[in-house]
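A.B. asks: The chain contents come next:
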Amino acid sequence: MNLVSEVLDEQLCDSKGKPAGRVDGIVLELRDDKPPRVAYVEVSPITFLSRLSRRLAWWYAPRDRRFGEGRGVPFRIPWTRLTRSGPSLQMDIDSEATPIVAVEDWLRRHIVEHIPGG
Amino acid sequence: MKRILDIALGIVTSVGGFLEIGSIATAAQAGASFGFQLAWAIALGTVCIAFLVEMGGRFAAVSKHTIADAMRERFGVPFFTTLTVVMLGVSLLVLAAEVGGVGAALKMATGLPIPVWAIPVALVAWGLLWYTTFGVIENGVSILGLVTVAFVVGAVKLHPNYGEVARGFIPSLPKEDAAKYWFTAVSILGASISPYLFFFYSSGAIEDKWDETYLWSNRAIATIGMGFGGFLSVAVLVLAAMIFHPHNIDVEHYQQLPELLSPILGRPGFWLVVASLAIACLGATLEIALALAYLVAQGLGWTWGENVKPRQDARFCLLYTVLVFAASIFSLVSVDPLKMTQISMSLTAASLPIGVLPFLVLMNDKSYLHDHTNRIAGNIVVMFISLLASVLAIISIPLQIVGSS
Amino acid sequence: MKILEVHVERLLGRKVIDSEGRTVGRIEEMRAEVVDGELAVTEFHLGSAALLERVGSVVIQLPLFRLFGSTKPARSVPWNLVDLSDPRHPRLRGRLDEIGTPISRSDRPSRPS
Chain B
1 MNLVSEVLDE
11 QLCDSKGKPA
21 GRVDGIVLEL
31 RDDKPPRVAY
41 VEVSPITFLS
51 RLSRRLAWWY
61 APRDRRFGEG
71 RGVPFRIPWT
81 RLTRSGPSLQ
91 MDIDSEATPI
101 VAVEDWLRRH
111 IVEHIPGG
Chain H
1 MKRILDIALG
11 IVTSVGGFLE
21 IGSIATAAQA
31 GASFGFQLAW
41 AIALGTVCIA
51 FLVEMGGRFA
61 AVSKHTIADA
71 MRERFGVPFF
81 TTLTVVMLGV
91 SLLVLAAEVG
101 GVGAALKMAT
111 GLPIPVWAIP
121 VALVAWGLLW
131 YTTFGVIENG
141 VSILGLVTVA
151 FVVGAVKLHP
161 NYGEVARGFI
171 PSLPKEDAAK
181 YWFTAVSILG
191 ASISPYLFFF
201 YSSGAIEDKW
211 DETYLWSNRA
221 IATIGMGFGG
231 FLSVAVLVLA
241 AMIFHPHNID
251 VEHYQQLPEL
261 LSPILGRPGF
271 WLVVASLAIA
281 CLGATLEIAL
291 ALAYLVAQGL
301 GWTWGENVKP
311 RQDARFCLLY
321 TVLVFAASIF
331 SLVSVDPLKM
341 TQISMSLTAA
351 SLPIGVLPFL
361 VLMNDKSYLH
371 DHTNRIAGNI
381 VVMFISLLAS
391 VLAIISIPLQ
401 IVGSS
Chain U
1 MKILEVHVER
11 LLGRKVIDSE
21 GRTVGRIEEM
31 RAEVVDGELA
41 VTEFHLGSAA
51 LLERVGSVVI
61 QLPLFRLFGS
71 TKPARSVPWN
81 LVDLSDPRHP
91 RLRGRLDEIG
101 TPISRSDRPS
111 RPS
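So the protein sequences, as listed, match chains B, H and U.
Here the first sequence stands for residues 1 to 118, where the numbers follow our numbering.
Here the second sequence stands for residues 1 to 405, where the numbers follow our numbering.
Here the third sequence stands for residues 1 to 113, where the numbers follow our numbering.
Each hint should be verified, as a subset may be incorrect.
[Unchecked claim] Computed spacing ranges between beta-carbons, pair by pair:
| id | chain 1 | residue 1 | chain 2 | residue 2 | range |
| --- | --- | --- | --- | --- | --- |
| 1 | U | Pro78 | H | Lys2 | 29 to 35 Å |
| 2 | U | Lys15 | H | Ala8 | 38 to 44 Å |
| 3 | H | Val322 | U | Ser85 | 42 to 48 Å |
| 4 | H | Leu399 | B | Lys16 | 32 to 38 Å |
| 5 | U | Ile17 | H | Gly135 | 52 to 58 Å |
| 6 | B | Ser85 | U | Ser85 | 31 to 37 Å |
| 7 | H | Thr133 | B | Val73 | 34 to 40 Å |
| 8 | U | Leu4 | B | Val73 | 45 to 51 Å |
No lab work stands behind these hints: they were computed from the structure.
Every residue, glycine too, gets a C-beta built ideally from N, C-alpha and C.
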C-alpha cells in the first residue's frame, strides 16, 4: 500500500463505525537491518498543527492537556489495530475510550448541555 | 419515477435557492448603470457555476468522497488549511452580507433599523439549524424562494425589447465609466460563482448516497437548476435596466430594490421584493453556514450530516453557531448591506482560483473518478472563467477604491 | 537499543541527497508491504517538483499544465538505500547513477472507495 495517498489524511472510524478524525501522522520505527516498520498512526491536533508549523504545535501542546486525560501528547493507534473499511480506516477501539473525543466531550459538557432543547 | 421526482426537487431547490443578495444586488446595479450591457457577465457566471455544480455532484457520486474530503486527502494539511482559511474569511463576509440582506428586508417591512434585526435574524437562522433537520429547512426555504419568480413576471410585464436584451449577452466594452463597468462585472461573477455552492452540493450528494446511476440526474439538476437561476438574475437586470437606467439612477441603497416591482405590480410588488429578499437571504445564510461547517468537519474527520444533533456533534454545531453570530456583527455595527455585498462578491471573484484550480485537479484524477474524469471542454470553460474573474477582480478592485474616494 | 522514530508526514517533500551531494529527488510517496508478518516500508518514491509533490502527477496530466510540468521521471528507491538517521536530511546510500528504476506516471495508485 501507499502510505501517503492511502493512509495519511484518511478518515478514521472507531469500532462502532463512528467518525474518529483523520490520520494526522504516521510513525515509522527505524531498525538496523530491517525495513522501517509502520508502527503507529497519530490522531491529534498537535500532529495536525506540526504539519503547519512546529512552533505552533509546540505552543498548542500544553493547552491540549486541558481537555483531559491522555491529551497534551499525540494519541497513537498501533497499526495492527487498524483495518480498511470502505473509504475509511477502522480501529478496533471504541472512540469513547480514547482521548480522541475529549474536545467533543468538553464542549458538550460546558456549552451544548446548557442550551435548552435539542 | 422516484428519480424524476428527485430531479424535479433538485431543480426546484436550485432555482429557489439561486437568488440571494449577491445576485439580486449586482444584477440590479448592473441594469441600473449599464442597461442590458452586462447580461453577458450573468451568463458567463451561470455557465461556470453550472459546470462546477455538475462536477461537484459527479465527483461525489463516483468517488464517494466530498470535495472537502478529497482536498484534505489528496493535497494534505498545509494546502487544506490555506484553502479553508481563505474560504472561511471570504465566505464569512458573504454570510455577513446575507444576514444584512434579511435585516434590510425587515427594515423595509417594519421601519426598524438593521442593527435591531442583526441578533434576531442570527437567532432565527441558528434556531433553524440547531433544532430542525437540515433537509426540511433547506428544501422548505428553497421552495419558498420560488417567490423570486416574481421578478420574471415583472420583467415580462414590462415588455422589454428582447432583441436589445439579447445583444447584452454579447460581451462588449463600456462606453463610459470603465472602472465601474468592470467592477460590476466582477461582482456579478463573484455572486454567481460561489465556491460554497459546489462544496455544499457535493456534501448533499454524499448524504443522499448518490452513485453512478445519478450522473444524468446530476447533469439535469445542474444545468436546468442553475440555468433557470441565472434566468432569474437576468430578470432582475432587465427590470433595473428598464426602470432605473432611463432616468440615470444608480442603485446605491437597498431601499431602491422594491422599486423593481412596485411600478408594475403596485403595493404587492413592494411586498414581493421584501419577501424575496428576506427568504432568499435567509436561505443563503443557512446554506453558507452549513457549507463552511461541512468544509471544516469533513477536512478534520468529524461527524457531519443533515440530522446531526448538537449533542452528537458539539464541534460541528458550535462552529455554525459561531459563524452565524459572527456574521451578524457586521449588521449590528451598521455596515451597509449593499457595501458588504459589493466587497464580498468581488473578493469571492478574486479568490476563485484558490478553490477552483485544485478542484479541477481532483476532477481530472483517475484514482477518484475512474472513467468519469472531466472532458477537456469542462476544464477549459471553468479554468478560463475563474481566471478571468480573478484577473478582472485584481485589476478592478483597486481602481474602484481609487475611483470612489 | 534506542528506537529511532520518524514521521511519514515530516519526511514528505524532503530532498534526498546522494553521497556526492547531488539531489536525487523529493520524497513523494512510501510504499509499504507486509514483511515477516509486519507492515514495513519497502520503497521510497522520489519525485522532482518541489511545491507540486503531492499535486504533481495529476497536474502534469492536465492538458495545459503539460507546459509547466517537469520531465524528470519519478524514481523508486528501495528502503535499504535510504539513510534516515537524520530525518531532516535523508541521504542516499550511494550515488545517483547507481540507482534506479524510474516509474512511469501511469503507475498511479488507485484510491480505495
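A.B. asks: Indicate, hint by hint, whether the structure satisfies it.
C.D. replies: Against the structure, the hints come out as follows:
{"no.": "1", "hint": "U:Pro78 with H:Lys2: 29 to 35 Å", "verdict": "violated, 54 Å"}
{"no.": "2", "hint": "U:Lys15 with H:Ala8: 38 to 44 Å", "verdict": "violated, 56 Å"}
{"no.": "3", "hint": "H:Val322 with U:Ser85: 42 to 48 Å", "verdict": "holds, 45 Å"}
{"no.": "4", "hint": "H:Leu399 with B:Lys16: 32 to 38 Å", "verdict": "violated, 57 Å"}
{"no.": "5", "hint": "U:Ile17 with H:Gly135: 52 to 58 Å", "verdict": "holds, 55 Å"}
{"no.": "6", "hint": "B:Ser85 with U:Ser85: 31 to 37 Å", "verdict": "holds, 36 Å"}
{"no.": "7", "hint": "H:Thr133 with B:Val73: 34 to 40 Å", "verdict": "holds, 38 Å"}
{"no.": "8", "hint": "U:Leu4 with B:Val73: 45 to 51 Å", "verdict": "violated, 18 Å"}
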